[in-house]
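> Here UniProt numbering is used: position 22 in the sequence shown is 22, and no number is missing along the way.
Calculated directly from the structure, the hints in this document are not laboratory data.
Incorrect hints may appear among the rest.
Pairs of lysine to aspartate or glutamate residues, derived as EDC-like cross-links and limited to a Cα-Cα distance of at most 16 Å, are as follows [to be verified]:
1. Lys125 x Asp211
2. Lys125 x Glu50
3. Lys184 x Asp211
4. Lys104 x Glu217
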Amino acid sequence: MTNELKPVLMFDSGIGGLTVLREARVLMPERGFIYVADDAGFPYGGWEEEALKARILSLFEKLLKDHDPEVCVIACNTAFTLAGADLRAAFPHMTFVGTVPAIKPAAERTRSGLVSVLATPGTVKRAYTRDLIQSFASRCHVRLVGSQNLARMAEAYVRGEGVADDAVLEEIRECFIEMPDGRKTDIVVLACTHYPFMANVFRRLAPWPVDWIDPAEAIARRARSLVPSVSDAMHPENQDFALFTSGNPDFPTIRLMQGFGLTVR
């Protein structure tokens, strides 16, 4: 029976989706996982929208044919807010779990009414993001902060490379607002799956304590709800692996994947 279980495919522009993989494994221990990193296209922030959309659709045409997963988790805000609807239209028989900025829970939790969304430039400019604000956070002051460099910094950080505090602070500084009446930003949405890797650095450098919302657990819960549970199935041996679109990840990346229990193919 174990061999009959289809794997879960997790897609990200780089290694940020590992934050989601970590949570998904806890909830779906019986499933194998295929982690796909589009490192040849990373970072997505500099792409023209139509070119990036075409790239993502082309990648999935081959991925679905080659691996026939149970479900696909798009662990990338930029990819899903841009191409999620097109993926579902192009591959109607596949279930896609998307990643969108956690604006709704932020609006529900905030006490000051001041929320910041720390994202990539692509996610910040997307109409999808602004629609979420209009639908769920119209009574809040939501500041969108698009970082050009933070995803790359997070990739370097998780590989064990040094990242300067001043450089990180420059990327997150705009998230913090203090109003004349004394109200301050109290929630920052981490709207890129790379960013939670640096959450402890953000907490240390923040000018005051805030709630940093990491969407990984919610994404994993959603995926679990859509994947049939097989109680007596065992996790398949040697079935968790990572694919890199460049075909040539460096040694620190390979070592990182191995630390997450993934072989690199």
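> All the hints need checking, so say for each whether the structure fits it.
Going through the hints against the structure:
no. : hint            : verdict
1   : Lys125 x Asp211 : violated (24 Å)
2   : Lys125 x Glu50  : holds (14 Å)
3   : Lys184 x Asp211 : holds (12 Å)
4   : Lys104 x Glu217 : holds (15 Å)
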